[in-house]
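Read top to bottom, the protein sequences are chains A and B.
Using our numbering, you'd call the opening residue of the first sequence number 1 and step up by one each time.
Using our numbering, you'd call the opening residue of the second sequence number 274 and step up by one each time.
Distance ranges between label pairs, derived from CB positions:
(1) A:19 <-> B:412: 43 to 53 Å
(2) A:121 <-> B:341: 44 to 54 Å
(3) A:264 <-> B:415: 27 to 37 Å
(4) B:426 <-> A:163: 24 to 34 Å
(5) A:156 <-> B:513: 32 to 42 Å
(6) A:122 <-> B:394: 51 to 61 Å
(7) A:151 <-> B:513: 34 to 44 Å
(8) A:91 <-> B:426: 32 to 42 Å
No farther apart than 27 Å at their CA atoms in a straight line, the calculated lysine-lysine pairs in the DSSO-like style are these:
(9) A:25 <-> A:88
(10) A:105 <-> A:88
(11) B:288 <-> A:165
(12) B:283 <-> A:165
(13) A:250 <-> A:25
(14) A:105 <-> A:250
For the record, the hints were derived by calculation from the structure and aren't laboratory data.
Just so you know, these numbers come straight off a predicted model, no measurement behind them.
Glycine included, every Cβ here is placed at the ideal spot set by N, Cα and C.
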Amino acid sequence: MAALTSEAEEKLQPDAITGPLLEGKDITVTFGRGAEAFDAVRAANVTVDGGEAVGIVGESGSGKTTLARTLVGLQRPSAGEVRLEGQKVFSAAAEQGMPRSERWKTQMIFQDPYSSLNPRMRVWQAVAEAVQVWQELPGAEARVEALRLLNSMGISDDQARQFPKSLSGGQRQRVSVARALAPNPKVLIADEPTSSIDQSAQAQLLNLLRRLQAERGLAIIFISHDLGLVRYLTSRVYVMQTGDIVETGKTQAVLERPQHAYTRLLIDSIPGR
Amino acid sequence: MTDLCISFHKGGGRKLPVIDAANLSLDQRQAVGIVGESGSGKTMLCRALIGTLPRHGAETVSGTVHFDGQELAGASERVWRGIRGREIGYIPQSSLAGLNPVLTVETQLVESITAVGSLSRQEARQEAFALLERVQIPRAQQVLKARAHQLSGGMRQRVMIAAAIAQGPKLLIADEPTTALDVTIQREILSLITQLRQELNMALILVSHDLAVIEEVCDNVMVMYAGASVEAGPVEALSKAPRHPYTRALRVSRVDRAVPGQDLEAIPGDAASVGSWPAGCRFWPRCALADDDCRRDPQPALMPTAQQLSACIHPERIPELEL
Ligand SMILES: Nc1ncnc2c1ncn2[C@@H]1O[C@H](COP(=O)(O)OP(=O)(O)OP(=O)(O)O)[C@@H](O)[C@H]1O
Ligand SMILES: Nc1ncnc2c1ncn2[C@@H]1O[C@H](COP(=O)(O)OP(=O)(O)O)[C@@H](O)[C@H]1O
Ligand code: SF4
Ligand SMILES: [Mg+2]
Ligand SMILES: [Mg+2]
Numbered sequence: 001m002a003a004l005t006s007e008a009e010e011k012l013q014p015d016a017i018t019g020p021l022l023e024g025k026d027i028t029v030t031f032g033r034g035a036e037a038f039d040a041v042r043a044a045n046v047t048v049d050g051g052e053a054v055g056i057v058g059e060s061g062s063g064k065t066t067l068a069r070t071l072v073g074l075q076r077p078s079a080g081e082v083r084l085e086g087q088k089v090f091s092a093a094a095e096q097g098m099p100r101s102e103r104w105k106t107q108m109i110f111q112d113p114y115s116s117l118n119p120r121m122r123v124w125q126a127v128a129e130a131v132q133v134w135q136e137l138p139g140a141e142a143r144v145e146a147l148r149l150l151n152s153m154g155i156s157d158d159q160a161r162q163f164p165k166s167l168s169g170g171q172r173q174r175v176s177v178a179r180a181l182a183p184n185p186k187v188l189i190a191d192e193p194t195s196s197i198d199q200s201a202q203a204q205l206l207n208l209l210r211r212l213q214a215e216r217g218l219a220i221i222f223i224s225h226d227l228g229l230v231r232y233l234t235s236r237v238y239v240m241q242t243g244d245i246v247e248t249g250k251t252q253a254v255l256e257r258p259q260h261a262y263t264r265l266l267i268d269s270i271p272g273r
Numbered sequence: 274m275t276d277l278c279i280s281f282h283k284g285g286g287r288k289l290p291v292i293d294a295a296n297l298s299l300d301q302r303q304a305v306g307i308v309g310e311s312g313s314g315k316t317m318l319c320r321a322l323i324g325t326l327p328r329h330g331a332e333t334v335s336g337t338v339h340f341d342g343q344e345l346a347g348a349s350e351r352v353w354r355g356i357r358g359r360e361i362g363y364i365p366q367s368s369l370a371g372l373n374p375v376l377t378v379e380t381q382l383v384e385s386i387t388a389v390g391s392l393s394r395q396e397a398r399q400e401a402f403a404l405l406e407r408v409q410i411p412r413a414q415q416v417l418k419a420r421a422h423q424l425s426g427g428m429r430q431r432v433m434i435a436a437a438i439a440q441g442p443k444l445l446i447a448d449e450p451t452t453a454l455d456v457t458i459q460r461e462i463l464s465l466i467t468q469l470r471q472e473l474n475m476a477l478i479l480v481s482h483d484l485a486v487i488e489e490v491c492d493n494v495m496v497m498y499a500g501a502s503v504e505a506g507p508v509e510a511l512s513k514a515p516r517h518p519y520t521r522a523l524r525v526s527r528v529d530r531a532v533p534g535q536d537l538e539a540i541p542g543d544a545a546s547v548g549s550w551p552a553g554c555r556f557w558p559r560c561a562l563a564d565d566d567c568r569r570d571p572q573p574a575l576m577p578t579a580q581q582l583s584a585c586i587h588p589e590r591i592p593e594l595e596l
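Chain A with its partners taken away, still in its complex shape (with noise of 0.2 Å):
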């Protein structure tokens, strides 16, 4: 346990420089034009720190995806900027995507693991493939690669050579996992992992981010609209509402002491309370 915190320890320090690891700047995403525009986020700003678990929590539509894909790269922001370690990597004025020499730190996870996955590759193929394109590494190797990494995450060799219908939702959402780890980024993006898994397996994924974030330093946004996953997960959490954060601060503060009205709605309503 020692050697872990460490180890943790030292992961956290970032190398020389001050600042979040990743931030958003005043990220607004339009869609539509004329009359039918409207934003999918509003003047967004959040960070997360080397190691930390942040929580995007709102109800569906408010914007959640959206402000998680403009972080990534997937999703060209109308208005603001994404900074990863204090350099601008993506902006609206950008003419390209966030440039590949960046992409690989931020990776992120889908709810539905099973449309993320090719359905005609094999699972270990799935995590290979990502090896190969971010490592780099030849087509054996890629392979032994693959296999640890799916062995990490529980997935044993031979339920690695499965195609992913053979695997209930909790085994296909920690081969997601082991594919976003592929590239050994810094900020892993959790989309609604847990919402089409059973208790069990989501128990079991909840304690793998976990000891990700502990022992590999890995930060963490986990998006729900489910405050009591974010309780257990985050230390920060952004509430979002119809495009808008609406209130922001630690995890656990903003539970104890909701600000904002739609904060205490969505505590009202976790399942027995």
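Following the hints, position chain B with the ligands against chain A.
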């Protein structure tokens, strides 16, 4: 429902059991929850209760289903037509996708109302409007003219509930009615279901993989694991003093009990899947209390212990919950 067994048909007359020991009982107006791992057979069990197993390539192999004085296991499609919708209403899993995208809400509701037969078109329309009001849809007149894509998830689920209760069934079966919804909408739908149940004197079977949801709405709960009922009884008994290690594990792995910074007590390994159930108690590969007796066939049956039924042969070894 006693010792119900359901199998899929496989090629060459072979059968693949998907449920082989399901037991459930509920009185009029009672609410019972079914909880269990994904793939444990909850949806197949619901299909057995509305007579749609054949459409999904399966059939009841043995066991009984008594409903209001009738035997339904193995009943003919003609019998089922009198039961489905009329006596037993059903909200299927992922019913958010269940509305027809090209028809208006009104057309679809009128269809489920006139299935009974005796109403005129005009009366059925009025009834559709009344149903939407009953499920607390604001601006019901506009919603009647809407198509599925124009409605939010919560609205669509209300429409599905309206269709399920259209013919005034005695029993409503809701298969994961809130899994795809936000927590705030989930809360609204659950209170709507509870309210309707009281107003219409309906019994309820609510399927969920979230024990907290069931505890909120139901009197009794039945826990399924790998095609079998493993524990059943009053909600308070199962939440305070579970007598099956799987139920206990479901309670302790919940995040609302967890301390941030500490691991959740997750159940190790993965659920046994159809076609590769282990001998004896199917939970043994994941159970910390398992011994040689647990690994021996036959699968242990539900037995009375404390205030509930449990299929664990070592209920006395289960540690108390610290609440
Ligand atoms: N046509 C089929 N042939 C063989 N197996 C099937 C078939 N259809 C479903 N199954 C399997 O039957 C089992 C029970 O399915 P069911 O849908 O009842 O599970 P469930 O408990 O409702 O799960 P969930 O929580 O995911 O809804 C699953 O393991 C499923 O993979
Ligand atoms: N590509 C797109 N084109 C148009 N509208 C979109 C697109 N993606 C998302 N939206 C809309 O933006 C809003 C925010 O969506 P999203 O970020 O997915 O919310 P959340 O993840 O919080 O549920 C929603 O109204 C959604 O319908
Ligand atoms: S019968 Fe044995 S293996 Fe099964 S739940 Fe009880 S102790 Fe565990
Ligand atoms: Mg989303
Ligand atoms: Mg189901």
